Amino acid sequence: MTDLRHIDCWVFDLDNTLYAAECRLFEEIDARMTSYIQERLSLSHQDARKVQKDYYVRYGTTMSGLMQEHDVEPDHFLDYVHDIDLAPINENKALAAAINALPGRKYIYTNGSTAHAENVAGALGVFHLFDDVYDIKAAQYTPKPHREPFDAFVDRFGIAAEKSVMFEDLLQNLEVPHALGMTTVLVCSDAAWLADEPHDKRPASIGENAPHVHHATNDLTEFLQTARTAAERAA
1 MTDLRHIDCW VFDLDNTLYA AECRLFEEID ARMTSYIQER LSLSHQDARK VQKDYYVRYG
61 TTMSGLMQEH DVEPDHFLDY VHDIDLAPIN ENKALAAAIN ALPGRKYIYT NGSTAHAENV
121 AGALGVFHLF DDVYDIKAAQ YTPKPHREPF DAFVDRFGIA AEKSVMFEDL LQNLEVPHAL
181 GMTTVLVCSD AAWLADEPHD KRPASIGENA PHVHHATNDL TEFLQTARTA AERAA
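By the working numbering, the letter at position 141 of the sequence shown is numbered 141, and the numbering carries on one by one without gaps.
Read the hints as simulated data drawn from the structure, not as lab findings.
No experiment lies behind these values; they were computed from the predicted model shown.
Virtual Cβ for every residue (Gly too), placed ideally from N, Cα, C.
There may be inaccurate statements among the hints.
[Stated by the list, open to error] Pair ranges (Cβ atoms, derived):
no.: 1; residue 1: E118; residue 2: Q46; range: 30 to 38 Å
no.: 2; residue 1: E222; residue 2: S42; range: 44 to 52 Å
no.: 3; residue 1: H45; residue 2: A94; range: 34 to 42 Å
[Stated by the list, open to error] The calculated BS3-like cross-link candidates involving lysine-lysine, where the alpha carbons are at most 25 Å apart (straight line), are:
no.: 4; residue 1: K137; residue 2: K201
no.: 5; residue 1: K93; residue 2: K106
no.: 6; residue 1: K106; residue 2: K163
no.: 7; residue 1: K137; residue 2: K106
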């Protein structure tokens, strides 16, 4: 059983982490990004897709590349790509109960927007359980995995890294939290639709791991339910 009794701050990525990648919700966002680039840069679908993934690899997010290369206004981009159908996800009462039982503070840290986090986590039935959201705007539009927004996140909320845990679906996004001294948990999936994602930037598959990952799971709810916590010890 995973021992997390030293943890008093719980930090969760949003997309493909709080919900399973297999539901294909992020596929909608991915398609909206391609469509945005097609319209903004007057490209074919194929060429827009190439630009999208090239910027994703080189800049950390597609939006960051568009901002730097084409002066795209970030809030306009975020509003467009997050205009999606939330039907693929349902209220997850088991996850809500597991998060609610965790001792200490809870945060969502996302490369998306706060509005997107509220919509998605709200549909899951867990948004009200979080103390705050640290989104891409709060990070001054500098995305994970860059070090600067992590440092700012820790400073903003007065977080003790050695008593914190980060849940993420991307291996590289756990490198900085590990370096800061946080416990790291990789949330894996078995989503076939992710096959065309750049190899080093796709959500982790079941069985993947790395030296900077302390724990890995393909079922976030079960992981939280079975981990030893300070609340369990106090009980």
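Taking the hints in turn, this is what the structure says about them:
| no. | hint | in the structure |
| --- | --- | --- |
| 1 | E118 <-> Q46: 30 to 38 Å | holds (34 Å) |
| 2 | E222 <-> S42: 44 to 52 Å | holds (47 Å) |
| 3 | H45 <-> A94: 34 to 42 Å | holds (39 Å) |
| 4 | K137 <-> K201 | holds (21 Å) |
| 5 | K93 <-> K106 | holds (17 Å) |
| 6 | K106 <-> K163 | holds (12 Å) |
| 7 | K137 <-> K106 | holds (19 Å) |
When held up to the earlier numbered hints, the structure conflicts with none and fits them all.
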